[in-house]
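Asker: Letter by letter, the chains look like this.
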Amino acid sequence: MQTLTNRSKAVDRHPMTVWEKMYLPAIAKGMSITLSHFFKKKPTINYPEETRPFSPVFRGLHILNRDEEGRERCTACGLCAVACPAEAITMEAAERKEGEEQLYREEKYAAKYEINMLRCIFCGLCEEACPKDAIYLSETFAPSNYKREGFIYGKNDLLIPDPKTEPELYRKAVGERSRKS
Amino acid sequence: MVLTNEYILQRLTEKFGEAITQVEEPYGLLTFEVPKELNLKVMQFLYDDQELGFRFLTDLCGVHYPDQLGRELAVVYHLHNMVQNVRIRMKVFTDVQQPDVYTATSLFQSANWQERETYDFYGINFVGHPNLKRILNVEEMDYFPLRKEFPLEDQTRIDKDDEMFGRGGSI
Amino acid sequence: MSEIITQEQHHVKLPEGSIGKQTTTLNLGPTHPATHGVFQNILEVDGERIVSAEQTVGYIHRAFEKIAERRPLYQITPLTDRLNYCSAPINNMGWHLTCEKLLGVKTPKRVDYLRVIIMELARISDHLICNSIVGVDTGAFTGFLYVMQYRELIYEIYEEVCGSRLTTNIGRIGGFERDFSNTAFQKIERFLKEYPVVLKEFENLFQRNRIFMERTMGTGGIAADRALNYGFTGPNLRATGVDYDVRVTAPYSSYEDFEFDIPVGTTGDNYDRWLVRNQEMWQSLRIIEQAYRKIQDFKGEEASVYHADVPEYYLPKKQDVYTKMEALIWHFKIIMGEIDMPKGEVYQAVEGGNGEVGYYLISDGGRAPFRLHFRRPCFIYYQAFSEISEGAMLSDAIITLSSLNLIAGEMDA
Amino acid sequence: MTITEILFWLLTVVALTGALLVVTSKNPVYSVLALIATFFAISGHYILLNAQFLAVVNLIVYAGAIMVLFLFVIMLMNLNTETEPQKNKWLKMAGTVAGGCLLLVLVAALRDADSKSTIALVNSGDTGLIENLGKLLFNEYVIPFEISSVLFLSAMVGAVVLGKKE
Amino acid sequence: MIQLAIDLAFILEKAILIGGIITVSLVVAMYSTWAERKVAGFMQDRLGPNRAGPFGLLQPLADGLKLFMKEEIIPNASNKFLFILGPGLAMMTAMMTSAVIPWGREIEVFGRTVSLQIADINIGILYIFAVLSMGVYGIMIGGWASNNKFSLLAALRGASQMISYELAMGLSIIALLMLTGSLSLKTIVEQQSAAGGWWNILYQPLGFLIFMVCAFAECNRTPFDLPEAENELNFGYHQEYSSMKLGFYLFAEYINMFMSSVLMATLYFGGYDIPFVNDAALVESMGTNNVAILQGLSLFAKAAFFIFFFMWVRWTIPRFRYDQLMHLGWKVMIPLALINMLITAVVVLIRQNGWPF
Amino acid sequence: MARPVQYNVKNEGGKIVTMGELPDGHMGEGFFASKLSDIVGLARKNSIWPLPFATSCCGIEFMATMASHYDLARFGSERVGFSPRQCDLLMVMGTIAKKMAPVVKQVYLQMAEPRWVIAVGACASSGGIFDSYSVLQGIDQVVPVDVYVPGCPPRPEAIIDGVMKIQELVGNESLRRRNGDRYKALLESYGIQ
Amino acid sequence: MPINLYIFLALALFSIGVIGVLTRRNAIIIFMCIELMLNAVNLLLVAFSKMHLADSANSALQVVTNGADAQLFVFFIMVVAAAEVTVGLAIIVMMYRNIHSVDVNFLNRLKN
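Chains as they are written, first to last, in this note's numbering: chain A, 1 to 181; chain B, 1001 to 1171; chain C, 2001 to 2413; chain D, 3001 to 3166; chain E, 4001 to 4357; chain F, 5001 to 5193; chain G, 6001 to 6112.
Source of the hints: derived by calculation from the structure; they are not laboratory data.
As the structure is a prediction and not an experimental result, all values here were calculated from the model.
Be careful, since some hints might not be right.
Claimed, not checked - Negatives, chain F to chain A, calculated, CB over 12 Å:
#1 Ala5101
#2 Val5103
#3 Arg5155
To be verified - Derived DEER-like restraints, expressed as beta-carbon distance ranges:
#4 Trp4330/E <-> His14/A: 26 to 32 Å
#5 Leu4008/E <-> Ala3094/D: 41 to 47 Å
#6 Tyr2322/C <-> Val1138/B: 46 to 52 Å
#7 Gln5106/F <-> Glu69/A: 24 to 30 Å
#8 Val4332/E <-> Gly3163/D: 17 to 23 Å
#9 Ile5039/F <-> Gly4197/E: 48 to 54 Å
#10 Leu5187/F <-> Val1138/B: 21 to 27 Å
#11 Leu5187/F <-> Phe4068/E: 54 to 60 Å
#12 Glu4108/E <-> Lys41/A: 46 to 52 Å
#13 Tyr2322/C <-> Asn1131/B: 55 to 61 Å
#14 Gly4197/E <-> His14/A: 44 to 50 Å
#15 Leu5187/F <-> Asn46/A: 35 to 41 Å
For every residue, glycine included, the Cβ atom is placed at its ideal position computed from N, Cα and C.
The following block holds chain A by itself, in its conformation from the complex (with noise of 0.2 Å):
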């Protein structure tokens, strides 16, 4: 078959040398490979002693945004369930009522809001959809459990904590980032 393009390049398999049949160099030269890596520093982290940084954009666990005075963003649009590729969003919605103001930002709201987190592949696409500021992936990664009943997040594991009641906590999830915003 004639060459289809100009750039073809054969790669080098020239025949075996008098030196290269003895066996004994080539296994000498990656011995001596292996050996120096034997002294080098070890790249490993001990994991549960050690962490490795996440990057600023890593999708893991969601969690669901307050505003600063601690009222819920979501306004159970469902935006994000529809962009989910993996159904994991299961969402209902509620009116707020009165004297709820200081609960929920807008006049609806999630009343209900899971995630299966076994279903999730943490796609990032509900992130991207939710229009309302609400919804994010953090650097956590989901933890494993023992049931399956344990990946069925609900508000309770979602929601960022009360910036007012839980103000530790709530400067500990927004972390250091947005802190310096």
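Position chains B, C, D, E, F and G relative to chain A; hints supplied.
Answerer: Only chains B, C, D, E, F and G this time, still in chain A's reference frame:
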């Protein structure tokens, strides 16, 4: 010589006349339909002809058009002339009631599994195929899953509420 | 090169006229360690020689094509990730290119170059796994871990760009979700600096080692015309001597702007495949370096473009969504999939890790594709395994399996 | 009974049991194992007779090489119990009786041979040492030795020729 | 022969020695597994086990206990007796080699001079070969009894490999024996450690190389680990084994490795000889027992190096294919060993009789 | 796009749903037996030999877990075996299609007690995005699963986290559990004798 | 030890070998029985060798190597046995290849 779509078409119509129908050029790719009895002949011609030389079967797949009565199932061949770097697309339509299409395995070894896959998905019966049986799905399956009328979802799934946001429907 | 003729190994005729069944049936897989991924090979062996092989696939068939018929375009990206998971970004990009072709979106040069970087990184990570697994299957485990460390670096770059390591869901129709951060560029730079050293070391471990050469030379070979007939593409085809590369023959994403060679082999045996993949990694490094330099050259406005200006398909900025009504409407429309795509048929091919990954998209104007077919190179060329392995030894077959780089996800879709 | 006698009888019992098992067991692999046990016992006898060189060579050659070959062949053919059709019961009986008669005749013939008082030297004597044997072998028996090596070679060639697929 | 004479103290002494050596080799084998994992880790830029005890030192104990407590599975289709016999044979033959190896010169306990060698038989090397040739049965029987095709294939591979390499090994040793003139390991060591004696490696570098390669093959270590090539045969002959029977096989492999290392040290590297020091003079100054300890340590250090070498090679180079292995064994190793033997013979003759021309 | 939030603090430690079967307790088990149980548990948990049943993406991430940066070997689990007889932990990683399900079960049956199963990744645990006719919706339909690891694929950290959860489970398991009625009933529910 | 014991032991082993040859149909087992017979002879030879040594020890002219010839004979027998086994097994393998059985009764036909 540059192999243009017009030239290919010209050669084809010279040889097969009216049999070449539905000629289109979506996004520059020559597309045409041939009657299902002729698929092998056309391909053989495209393969053997010195100038055309479509000797590489890039892709073979089935499509199901439930609305087109009498020509519900289609087999789409993508052929490639590597030397001239030209691709063409050839379609064959068949009735869902009698989905018999000649196999291309005698021409292209690569058609073997792709035809099996198409059979597996759409039930298109490739006449003359050496080993036409299901390839991806279990042997016991009694329907052709990619036809539009069959559901996608696994019926045993319990952890999803389809009523939410109107996703229970067909889309 | 008379000593490396493949056919000699290849067509050893077994004695005829012997009475009775002397062969044993050996079930390789689906859980056998050599089947990296899941597929089954039923081998008829006579001692150590393989008389015939029959492959069974479909052990992780997931009905991608059916699922894709129910999903709006942007939700198909995660699916393509899981085709060839060793080089998921290439599949992502291929899918976006397909959509862009259908939708008529023209991407700016910078986006193209960024895509090239990501795709070539993916190619490296794909070839690297394949080549090191060939090493593992010949019994040398260590090289695998050396290069694996640097795959980790590639993953870090992905993570920096899109937030995920393996199944990246990287890129959007028209560009990227966000611009590359400085850290990402630094990491690319670091990769360009450190990886050649390791690759060289990896080569030293294997390339001219007689044991490795003898194990791979002359085994698992296939001639060019047979390979074409079997629908080989990618490195496996190039190993037979055919310099077919989609990046060159049908350039996409501005590949025409880059200088690189297409390494080709001669005999198409395992050693050639290994060498071709190895050389391709070097070429990929070259491409990344060029692309990186080109990106640095952008000035002013251009230097921060990371998506095409197509409000119909590319999500508006989050800040605008929060504040501007118009943006919010577009946002809703895109997410709900209410923007109809044009009718038509598209075939777009990209050079994946294993060869030509094709997307054949038929749109009837609805929200989801009417039909989406993936051309999966693995699936197509794995057919040839029974021919390749006939007459070979068991150990050869195992190396052949790994050097063909069979990715079950891609094979079964 | 001295320790030597105890050992003698022990080894004898092992050897005879092993030999019987070789003949009687249905599974050829068991036969091979029993034969190996017999060889071990015989080697034990050699050691008792202070022929250590022969004892070790017996182990290396018979148990280590020949029996491995047997086992190898059996495994290669994957012979199981079923594969061997049993002989006719009467034929078996006849064979056993014939063998028994042979034993009887030989024992009877040798019973009265003038060997009652003769003993085989146990535990002493340097004949079996490798040094003495070597000297003898390479001085007086060098021609038989060379011939045997030729025999070996021809056997090897023969085996290769036989084993070669046409 | 001395070892058949009955003497209670003698029996006691030997029993203690045997017990000691078995314990030592078991412990060494145990920690070889740990070392293997650590060495592998370090060569591969990882840390290796480090969570069971300090530096993962309790790892072998954990493995052992776990294996003990695991369910015993005897596959239905297998031959039960042979299935159990296999690992037992493997373990036994692995342990038996240690009997003729001199672990040190001698020590004095309660006024008795105790030789640190279980049996100094005058055909020590032949004994080792006899035991070695038995080693193949463990693999063969185990692999066959599993009634698994992969195991059977592994057993056949193992058997043919071990038989083939035994030949070259024997031939390489014959050259050595021509120099030493004795089959007793003790004598060989003493010749090397005597004043003015050199280690045999200086006389027999090629022989050592052949011996080492064959030792690799006999121990089924990479690049000759075809019987248990996990990528091809899925752990080969011990694929069907679980629990301690598996442990026996794994242990046997490491004991074999240890014994080969010791053997290499003994035959070619002066055994318990402490390098650069006149041992006899040392006895004068330090006392017999201290020197014996030092000598033992010296032997262990040499063996440890070889064990490390075994691992080093394992984690570096690829594995042969079956036909290449046979090719190497029959067409390279045996001719090389023969040439080595011939050269040695000529040199020995010349040294004895003078230059003939 | 910098996020206004960074960590999900409520789940950093993971909310543990109690294991279905608590250790049978010390009832009837003497001091010695319980001590033995502890020691054996300690040994077992530090010597978990995994059987990677890797079918797709998660398998590649498992490679990363085995590789230098994460090094599962630190937990004594590097002797990866593909022979079910020799392994303690069945790690199912990746999509299990219905065609594959019998194989998983077969492998589980071949494993020697005590055995554990970990379902790594969304596909193995629940089917993930592949809610289609050909995919098994979670391997717990065919074999009992001890620990689920979410993620698609889970990061190596998450896989290690899952292995550590298994270790915890192994370390606390009483020696009698595998003979207990509840365990038998559990297996019975999967049709395993 | 009295030489008689050795003689009887060797005879017993030899006879068992003969019985095996006569009663079994499996070529491999027959072959093994032949090995057994050879070994019986070997044992006898070694015993006689030591008997001669004992004789010479009693007599006046004491030669260390008296009777060593017998041991060399054993050695040669082993060589012959090994050669025989290689050829024999090769034949059996060929036979198995051709008639797919190791039953000697099949061998009485000249053609299949």
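Asker: Look at each hint and say if it fits the structure.
Answerer: Against the structure, the hints come out as follows:
Every C-beta of chain A lies more than 12 Å from that of Ala5101/F, the closest at about 17 Å, which supports listing it as non-interface. Distance check on Val5103/F: its Cβ is at least 22 Å (rounded) from any Cβ of chain A, clearing the 12 Å threshold; non-interface status holds. Its closest Cβ contact with chain A, about 5 Å, brings Arg5155/F to no more than 12 Å, contrary to its assignment away from the interface. With their beta carbons about 28 Å apart, Trp4330/E and His14/A fall inside the hinted range of 26 to 32 Å.
For Leu4008/E and Ala3094/D, the hinted distance range of 41 to 47 Å is not satisfied, since their beta carbons lie about 54 Å from each other. A hinted range of 46 to 52 Å holds for the C-beta pair Tyr2322/C and Val1138/B, which are about 50 Å apart. Hint check: Gln5106/F to Glu69/A, Cβ distance near 58 Å, so the stated range 24 to 30 Å is violated. Judged by the Cβ atoms, the range 17 to 23 Å given for Val4332/E and Gly3163/D holds: they are separated by roughly 21 Å.
At about 51 Å, the CB distance of Ile5039/F to Gly4197/E agrees with the hint of 48 to 54 Å. The hinted range of 21 to 27 Å is satisfied by Leu5187/F and Val1138/B, whose Cβ atoms lie roughly 25 Å apart. Distance hint check for Leu5187/F and Phe4068/E: the Cβ-Cβ separation is about 23 Å, which falls outside the suggested range of 54 to 60 Å. Checked against the given bound of 46 to 52 Å, the beta carbons of Glu4108/E and Lys41/A, roughly 49 Å apart, stay inside it.
Between Tyr2322/C and Asn1131/B the beta carbon distance is about 59 Å. The supplied range of 55 to 61 Å therefore holds. Taking 44 to 50 Å as the suggested C-beta distance range, the pair Gly4197/E and His14/A conforms, at roughly 47 Å. Distance hint check for Leu5187/F and Asn46/A: the Cβ-Cβ separation is about 37 Å, which falls inside the suggested range of 35 to 41 Å.
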